[in-house]
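Those protein sequences? They're chains U and C, same order as listed.
Numbering-wise, the first sequence is residues 42 to 697 according to the numbering used here.
Numbering-wise, the second sequence is residues 20 to 525 according to the numbering used here.
Worth flagging that the hints you see were computed from the coordinates, not collected in a lab.
Treat each hint with caution, since some may be false.
[Claimed, not checked] Taking lysine-lysine and the DSS-like style, the derived pairs with C-alpha atoms no more than 30 angstroms apart in a straight line are:
hint: 1; chain 1: U; residue 1: LYS508; chain 2: U; residue 2: LYS593
hint: 2; chain 1: C; residue 1: LYS127; chain 2: U; residue 2: LYS632
hint: 3; chain 1: U; residue 1: LYS218; chain 2: U; residue 2: LYS625
hint: 4; chain 1: U; residue 1: LYS629; chain 2: U; residue 2: LYS508
hint: 5; chain 1: U; residue 1: LYS629; chain 2: U; residue 2: LYS227
hint: 6; chain 1: C; residue 1: LYS127; chain 2: U; residue 2: LYS227
hint: 7; chain 1: C; residue 1: LYS127; chain 2: U; residue 2: LYS629
hint: 8; chain 1: U; residue 1: LYS632; chain 2: U; residue 2: LYS218
hint: 9; chain 1: U; residue 1: LYS166; chain 2: C; residue 2: LYS446
hint: 10; chain 1: U; residue 1: LYS625; chain 2: C; residue 2: LYS131
hint: 11; chain 1: U; residue 1: LYS72; chain 2: U; residue 2: LYS108
hint: 12; chain 1: U; residue 1: LYS593; chain 2: U; residue 2: LYS218
hint: 13; chain 1: U; residue 1: LYS625; chain 2: U; residue 2: LYS508
hint: 14; chain 1: C; residue 1: LYS127; chain 2: U; residue 2: LYS218
hint: 15; chain 1: U; residue 1: LYS72; chain 2: C; residue 2: LYS446
hint: 16; chain 1: U; residue 1: LYS108; chain 2: U; residue 2: LYS166
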Amino acid sequence: MTATWNALWLVPLLPLLGSAVCGVIHFLCLKQRRADPNATGPIGAASAVACASVLASFVIAVVAFFKLLNADGFTALTSSAWHWIDAGSVSIDVAMVADRLSSVMLLVVTGVGFLIHVYSIGYMKGDPGFAKFFAYLNLFVFAMLILVLSSNLIGLFVGWEGVGLCSYLLIGFWYEKGWPAAAGQKAFVVNRIGDACFLVGSFLLVSVFGTLDLSDVAASVPAQLDAHAGRLALAALLLFGGACGKSAQFPLLTWLPDAMAGPTPVSALIHAATMVTAGVYLVVRLNPLFAAAPEVLTVIGTVGALTALIGASTALLQRDIKKVLAYSTVSQLGYMFLGLGSGAWAAAIFHLVTHAFFKGLLFLGAGSVIHGMHEEQDMARMGGLWSYMPRTFLTFLCGAAALSGLPLLSGFFSKDEILAHTFASGGFHYALWFVGVATAAMTAFYTWRMVSLTFFGEARFDAAHVKPHESPAVMTAPLMILAFLSVVGGVLGLPHVFHVTHLLKTWLEPVTAGGDALLTAHTLSVGSEWVLLGLGSVLALAFAHYGFHLYKRGPETDDEIYGSRPEVVGFLSSAWSLDRIYDKLVVKPLKLGAFLIAVVVDQFAIDGLVNGAGALAANVARRLRVLVDGSVKSYALWMGAGAAALAIVWIFGGSA
Amino acid sequence: MGLVALTFLPLAAAVVIALLPGRNAALLRAVAFFATTLVAGMGAGLFVDFEGGVPGLQSVYESAWFTLPGADVPVHFRLGVDGISILMVVLTAILMPLVVLSSYGHVKERVKEFLFWLLVMETGMLGVFLALDLVLFYFFWEVSLVPLYFLVGIWGSDRRLYATVKFFLYTVAGSLVMLVGVIELIYSQGTSDVGALLANTSELPAWIFASFALAFAIKVPVIPFHTWLADAHTEAPTSGSVLLAGVLLKMGTYGLLRFGIQMFPHAAVDAAPLFLALGAIGIVYGALLAMAQTDLKRLIACSSVSHLGFVVLGMFALTQAGLRGGVLQMVNHGISTGLLFLLVGMVYERTHTRELDRFGGLAATMPLFALFFVITVLSSVGLPGLNGFVGEYMILLGTFEASPLWSVVGVTGVIFGAIYLLRATRKVLFGPVVHESNRRLADLNGREIALMAPLVLLAVWIGVRPNTFIGKTAGTLDALQRRIEDVRGAGDSAAAPSPIVEEEQG
Numbered sequence: 042m043t044a045t046w047n048a049l050w051l052v053p054l055l056p057l058l059g060s061a062v063c064g065v066i067h068f069l070c071l072k073q074r075r076a077d078p079n080a081t082g083p084i085g086a087a088s089a090v091a092c093a094s095v096l097a098s099f100v101i102a103v104v105a106f107f108k109l110l111n112a113d114g115f116t117a118l119t120s121s122a123w124h125w126i127d128a129g130s131v132s133i134d135v136a137m138v139a140d141r142l143s144s145v146m147l148l149v150v151t152g153v154g155f156l157i158h159v160y161s162i163g164y165m166k167g168d169p170g171f172a173k174f175f176a177y178l179n180l181f182v183f184a185m186l187i188l189v190l191s192s193n194l195i196g197l198f199v200g201w202e203g204v205g206l207c208s209y210l211l212i213g214f215w216y217e218k219g220w221p222a223a224a225g226q227k228a229f230v231v232n233r234i235g236d237a238c239f240l241v242g243s244f245l246l247v248s249v250f251g252t253l254d255l256s257d258v259a260a261s262v263p264a265q266l267d268a269h270a271g272r273l274a275l276a277a278l279l280l281f282g283g284a285c286g287k288s289a290q291f292p293l294l295t296w297l298p299d300a301m302a303g304p305t306p307v308s309a310l311i312h313a314a315t316m317v318t319a320g321v322y323l324v325v326r327l328n329p330l331f332a333a334a335p336e337v338l339t340v341i342g343t344v345g346a347l348t349a350l351i352g353a354s355t356a357l358l359q360r361d362i363k364k365v366l367a368y369s370t371v372s373q374l375g376y377m378f379l380g381l382g383s384g385a386w387a388a389a390i391f392h393l394v395t396h397a398f399f400k401g402l403l404f405l406g407a408g409s410v411i412h413g414m415h416e417e418q419d420m421a422r423m424g425g426l427w428s429y430m431p432r433t434f435l436t437f438l439c440g441a442a443a444l445s446g447l448p449l450l451s452g453f454f455s456k457d458e459i460l461a462h463t464f465a466s467g468g469f470h471y472a473l474w475f476v477g478v479a480t481a482a483m484t485a486f487y488t489w490r491m492v493s494l495t496f497f498g499e500a501r502f503d504a505a506h507v508k509p510h511e512s513p514a515v516m517t518a519p520l521m522i523l524a525f526l527s528v529v530g531g532v533l534g535l536p537h538v539f540h541v542t543h544l545l546k547t548w549l550e551p552v553t554a555g556g557d558a559l560l561t562a563h564t565l566s567v568g569s570e571w572v573l574l575g576l577g578s579v580l581a582l583a584f585a586h587y588g589f590h591l592y593k594r595g596p597e598t599d600d601e602i603y604g605s606r607p608e609v610v611g612f613l614s615s616a617w618s619l620d621r622i623y624d625k626l627v628v629k630p631l632k633l634g635a636f637l638i639a640v641v642v643d644q645f646a647i648d649g650l651v652n653g654a655g656a657l658a659a660n661v662a663r664r665l666r667v668l669v670d671g672s673v674k675s676y677a678l679w680m681g682a683g684a685a686a687l688a689i690v691w692i693f694g695g696s697a
Numbered sequence: 020m021g022l023v024a025l026t027f028l029p030l031a032a033a034v035v036i037a038l039l040p041g042r043n044a045a046l047l048r049a050v051a052f053f054a055t056t057l058v059a060g061m062g063a064g065l066f067v068d069f070e071g072g073v074p075g076l077q078s079v080y081e082s083a084w085f086t087l088p089g090a091d092v093p094v095h096f097r098l099g100v101d102g103i104s105i106l107m108v109v110l111t112a113i114l115m116p117l118v119v120l121s122s123y124g125h126v127k128e129r130v131k132e133f134l135f136w137l138l139v140m141e142t143g144m145l146g147v148f149l150a151l152d153l154v155l156f157y158f159f160w161e162v163s164l165v166p167l168y169f170l171v172g173i174w175g176s177d178r179r180l181y182a183t184v185k186f187f188l189y190t191v192a193g194s195l196v197m198l199v200g201v202i203e204l205i206y207s208q209g210t211s212d213v214g215a216l217l218a219n220t221s222e223l224p225a226w227i228f229a230s231f232a233l234a235f236a237i238k239v240p241v242i243p244f245h246t247w248l249a250d251a252h253t254e255a256p257t258s259g260s261v262l263l264a265g266v267l268l269k270m271g272t273y274g275l276l277r278f279g280i281q282m283f284p285h286a287a288v289d290a291a292p293l294f295l296a297l298g299a300i301g302i303v304y305g306a307l308l309a310m311a312q313t314d315l316k317r318l319i320a321c322s323s324v325s326h327l328g329f330v331v332l333g334m335f336a337l338t339q340a341g342l343r344g345g346v347l348q349m350v351n352h353g354i355s356t357g358l359l360f361l362l363v364g365m366v367y368e369r370t371h372t373r374e375l376d377r378f379g380g381l382a383a384t385m386p387l388f389a390l391f392f393v394i395t396v397l398s399s400v401g402l403p404g405l406n407g408f409v410g411e412y413m414i415l416l417g418t419f420e421a422s423p424l425w426s427v428v429g430v431t432g433v434i435f436g437a438i439y440l441l442r443a444t445r446k447v448l449f450g451p452v453v454h455e456s457n458r459r460l461a462d463l464n465g466r467e468i469a470l471m472a473p474l475v476l477l478a479v480w481i482g483v484r485p486n487t488f489i490g491k492t493a494g495t496l497d498a499l500q501r502r503i504e505d506v507r508g509a510g511d512s513a514a515a516p517s518p519i520v521e522e523e524q525g
C-alpha cells in the first residue's frame with residue numbers, strides 16, 4: 042500500500058534551497074547597490090534559480106504522478122525522516138506522503154506555481170526587491186508543498202503557517218508604502234484566529250485517536266464514531282474554523298481583499314490558485330471525519346453558500362480590477378465549501394483545480410493590464426484596451442468565460458457539478474442550491490462588467506500620459522498556457538450524462554471512499570441533471586450578456602443601476618460592512634481592554650499597592666535613620682545585609 | 020568535580036578581573052569572554068554526556084560542609100544534575116558569552132565592575148540549578164540576585180533607581196518567604212539534602228509548598244506578582260535584560276518545578292487548578308499589557324509575562340506533554356526573548372530611543388537587522404519550524420488533557436501574540452522612514468551577527484529536532500509524572516483525572 046520513495050523530499054526541498062540562494066543574492070545586490078546606486082546585482086541568477094527549482098519540483102511531481110498511475114489506487118509514496126515531537130501522549134514524525142489527492146495538489150502547486158514564477162520575471166523587472174521577491178515566492182512554494190505532502194496534521198500545520206508567513210511577507214512586500222504592511226498584518230492575525238481553532242481541533246483528535254497521522258485518523262473514524270461522535274464533530278468543526286481563516290470563509294474573509302496590496306503575481310499564486318485552497322484540501326484530506334458529522338457538513342455548506350453570496354455581491358460594485366477578482370475568489374472558494382457541504386469531495390477539488398487555472402489567469406491578466414497601464418488599477422480609468430494588448434485581452438476573455446461558467450469551459454463543469462450535488466442533497470440544501478445559482482448569475486454579471494469596463498467602450502485614460510502597451514512574452518506566454526487550461530480543463534470532470542468517465546472523481550475515489558461510505562449516497566436523475574446544466578448555461582449566458590452590454594457605456598452604469606440606493610451601495614461595496622462591524626465588536630473593545638489592563642489594573646491597582654508598600658518601607662527606614670545618605674544603592678545594600686543577617690540569626694540561632 | 024569547576028570557573032574569572040587593572044577594557048572583556056566560552060563548552064559537554072532516558076541525578080559531587088546547630092543537620096556541599104536542570108545549565112552557559120559579547124556595545128564605563136558582577140551572577144545562576152542542598156541552594160539564590168541590583172542600578176537607564184528598588188522589594192519579600200520554608204523544611208525533615216527530600220514519599224506540609232511557591236511565583240513572575248518585571252526589564256542594560264529574561268526568570272519556573280511540583284507532589288496536585296488558572300490568565304493578561312505598550316522594550320517585557328504563563332500552564336497540567344513542553348519552553352523563552360532584547364539593545368544603541376513611534380521603515384535602512392528581527396518575532400509567536408511552536412504545542416496539548424478550559428484560554432495567546440508582536444514589527448521595520456535620522460543607521464556589524472547567530476541556529480534546531488532536548492529531559496519528567504499519577508491514584512479518585520483520561524481508560 043505504501044512505497045518508500047525518498048525523492049519525494051526533493052519536491053519541497055528544491056524550492057527551499059532556491060529560496061536560500063535568492064536570499065543570499067538579495068543581500069549581495071544590496072551590498073552592490075550601496076557601492077553603486079545603479080548596480081542591479083546578479084538578479085538574473087535569482088530568477089533563474091527560482092524558476093528552475095520549481096520546474097524541477099514539477100518534473101518530480103509528474104514522475105510521482107506516473108508512479109501512482111501505474112500502481113493500484115491505494116498506493117502512496119512515502120518517506121519519513123525523524124521523530125519530530127515526542128509529546129508523550131502523541132508522537133509526531135517528519136514524514137512525507139504522496140497519495141492521489143496530494144499528487145493533484147502537487148501538480149497544481151508546482152505547475153501553476155512555475156508559470157507564475159516565469160511571469161514574475163517580467164512583472165517584477167526593475168523592482169529593487171527583485172531577488173527578495175523570488176526568495177519569498179520560492180519559500181512559499183516550499184511551505185505549500187510541505188502542506189500537501191505532510192503525513193500528519195501538525196506537519197500539515199507547518200506548511201499551513203508557513204504559507205501564511207509567506208503571504209504576510211508578500212502582501213507587505215512594498216512595505217515602504219505602509220498600508221501593505223498593515224494588510225499583511227491583518228492577514229496573519231485573522232489567520233491566527235483560524236489557526237487557534239485548528240490547534241484545539243488537533244488536541245481533540247489526539248484525545249480520541251492518540252495519533253495525528255492523517256491516514257490513520259481518516260481510517261479510524263468509523264471505529265471511534267460510536268464512542269466519540271460529539272468529540273469528533275467538535276474536532277471537525279474546529280478544523281473547519283481553521284479552514285475558514287486560510288480559505289477566507291465567513292466570518293474570517295475580510296483579510297483576503299486587503300491582501301491585494303501585494304504584487305499581482307502573489308495574488309495569483311497565493312491568494313487565488315494555491316494557499317487559499319488549503320482549507321478545501323484539509324477537509325477532503327480528512328473527509329471521513331467530516332462525513333461522520335452531518336451537522337458540521339451542513340455548517341460548511343451554509344458558510345460556503347453565504348461566503349459565495351457575500352463575495353459575488355461585493356464584486357458587483359468594485360472599481361479596482363484586483364478587488365473584483367479578490368471578492369470573486371472569496372466567492373469561488375465559497376463554492377468549493379458549498380460542494381464539501383454535500384460531501385462532493387471530488388467536485389470541490391475539481392473546482393479547486395479549474396479555479397487555479399482561470400483565476401490564476403485572470404489575476405495574471407489583470408497584472409498585465411496594470412503593468413501596461415503604468416500601475417493603474419481603477420477600471421474607471423481604463424476602457425477600450427483590447428486593441429492595445431491583444432494577447433492579454435484574448436487570454437483574459439478565456440479566463441472570464443471560464444469564471445462566469447459559460448458552457449463547455451472548465452468553470453462551467455466544475456461549478457455545475459457542485460450545484461448538482463447540492464441540489465441532489467435535498468432538504469435544506471435546496472436553499473443553499475438556490476443561493477449558489479443566484480451567485481452564479483452574479484458571477485457572470487460582474488465578470489463581464491469587468492471585461493467590458495477594462496477592454497471595451499471608449500478609452501477613459503489620459504492618452505497624453507498613459508500609453509497602454511502589451512506585456513513582454515515572458516508574461517504573455519504563461520497567460521496563454523493558463524488560457525488553454527482554463528478552456529479545456531473541464532475534461533478532467535465531465536458530467537456523467539455525457540457518458541464519459543469523470544477522470545478526477547475516479548482518480549480520487551480511493552481517497553474519498555472513506556467519507557463516501559459514511560454518507561448516504563444521493564443521486565440525480567439524468568433528466569434533472571440535464572435541466573440543471575441547461576439552467577446553468579442559460580443563466581451564465583444571459584447575465585454575462587447583460588453585464589457586458591450594460592457596462593460598455595462605462596462605470597456610470599453603476600449609478601444608473603444603484604443610484605437611488607446609496608445605502609445598498611455602501612453595504613455591498615464594503616463586503617456587507619464586515620470590517621466596520623469587526624472594528625466595533627472586536628478591535629475597539631480589545632484595545633480598550635488592553636488599555637484598562639495596562640493602566641487601570643496594572644498601574645493603579647497593583648502598582649499602587651506595591652508603591653504604597655515601598656513608600657511605607659522607605660519611610661520606616663528613614664525614621665530609623667538606617668539610610669545614611671538616602672541613595673537607593675545604599676538602601677538596597679542595607680536591605681540585602683539585613684536579609685542576610687536575619688538569615689544567619691535564624692539558622693544559627695537555632696531555637697528549634 | 021566537573022560540576023564544581025563549571026560552577027566556580029566564572030567566579031574565579033571574576034576574581035581575576037578584579038585583580039586586573041581597570042584601564043584595559045579590551046583585556047577585561049577578553050578574559051570574561053574566554054571564561055564564559057569555556058563554561059559554555061563545559062556545559063555543552065555535560066549536555067552531550069547526560070543520559071536523558073534515565074530519571075534521577077547524575078554527576079553528583081558531594082563533600083561535607085558544616086552542621087546546622089540545634090537539629091544537628093549536616094549540610095553538604097552537593098551538586099548534581101538531572102533532566103530538569105540540565106537544560107537550564109546549558110541555557111545559562113550558552114547565553115553568557117553572548118551576553119558578554121553584547122555588552123561591548125553598551126557598557127563603556129566601569130567595564131571592570133560590570134564584568135565582575137556578570138561573572139559572579141553566572142556562578143550564582145549555575146549554582147541555583149545545580150545545588151542539591153537546600154542551604155546551598157538558598158545561598159546561590161541570593162548570590163545570583165545581588166549582582167542584578169548593581170547591573171540595573173548602575174548601568175540602567177533613566178528610571179533605574181525606581182526599577183531597582185521595586186525589583187529589590189519584590190525579591191527580598193520572595194526570599195524571606197522562601198527562607199521560612201527552607202528552615203521549616205530542614206528542621207522538620209532533619210535533612211537539607213534535596214535528593215533525600217525528593218525521594219521522600221510521605222506527604223510534606225502544604226504550607227511549606229505555599230512558601231516556596233510564592234517565592235518562585237514572584238520570580239517567574241506569575242500574575243499578580245509581575246509588576247516589577249516590566250520596570251526592571253525596561254531600565255536594565257541590554258545584557259541585564261537578556262540574563263533576566265533568559266535565566267533569572269527561569270530560576271522561578273525551575274524552582275516551581277523542582278521545589279514545588281517535584282518535592283511536594285501532593286500539594287502540587289491540589290494547587291494545580293489555581294496555577295492553571297494563573298498561567299492561562301497570565302497568558303492573556305500579559306498579551307493585553309503588551310498590546311498597550313508604546314515602548315518596544317517594555318512591550319517585550321510584558322510579552323514575557325504572557326510567555327511564562329505558558330510555562331506555568333504546561334508544568335501544572337501535570338501531564339507528560341505539559342511537563343515536557345513547559346521545560347522546553349523555558350529554553351525557548353530564553354532564546355527568543357533573549358534575542359528580542361539583544362535586538363532592542365542594538366537599535367537603541369543606534370537611535371537612543373525605544374519608542375515605537377520613533378522607528379518606522381528600518382527594514383529599508385537595516386535589512387540584516389530586519390531579517391534577524393523577523394526571525395526572532397516568528398520564533399516568539401510560535402511559528403512551526405522554529406522553537407516556540409514545539410513548546411507551545413506540547414504545553415497546550417498537555418493542558419488540554421488536564422483541563423480543556425484553560426487550554427482554550429491559553430490558545431488565545433497564539434492570536435494575541437501575533438497581534439502585539441506583528442504590530443511592533445510593523446512599527447519598527449515597515450512603513451516609510453518618518454524620522455530623517457533613521458535613514459543613516461548602520462546595519463548590524465559582524466560582532467552583532469556573531470552573537471545572535473548561535474541563538475538563531477538553536478531556535479531553528481529546536482524547531483526542527485526538538486527531541487535533542489526533549490530526549491534529555493524525558494526520563495526525569497516521566498518519572499515525575501508517574502509519581503504524580505501515584506499521588507492522584509492514592510488520593511480521592513473522584514478528584515483525580517480529567518474526563519478525557521477517564522474516558523480513554525474506560
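- Message: To test your reading of the hints: which numbers does this structure violate?
- Response: 2, 4, 6, 7, 10, 11, 12, 13, 14 and 16
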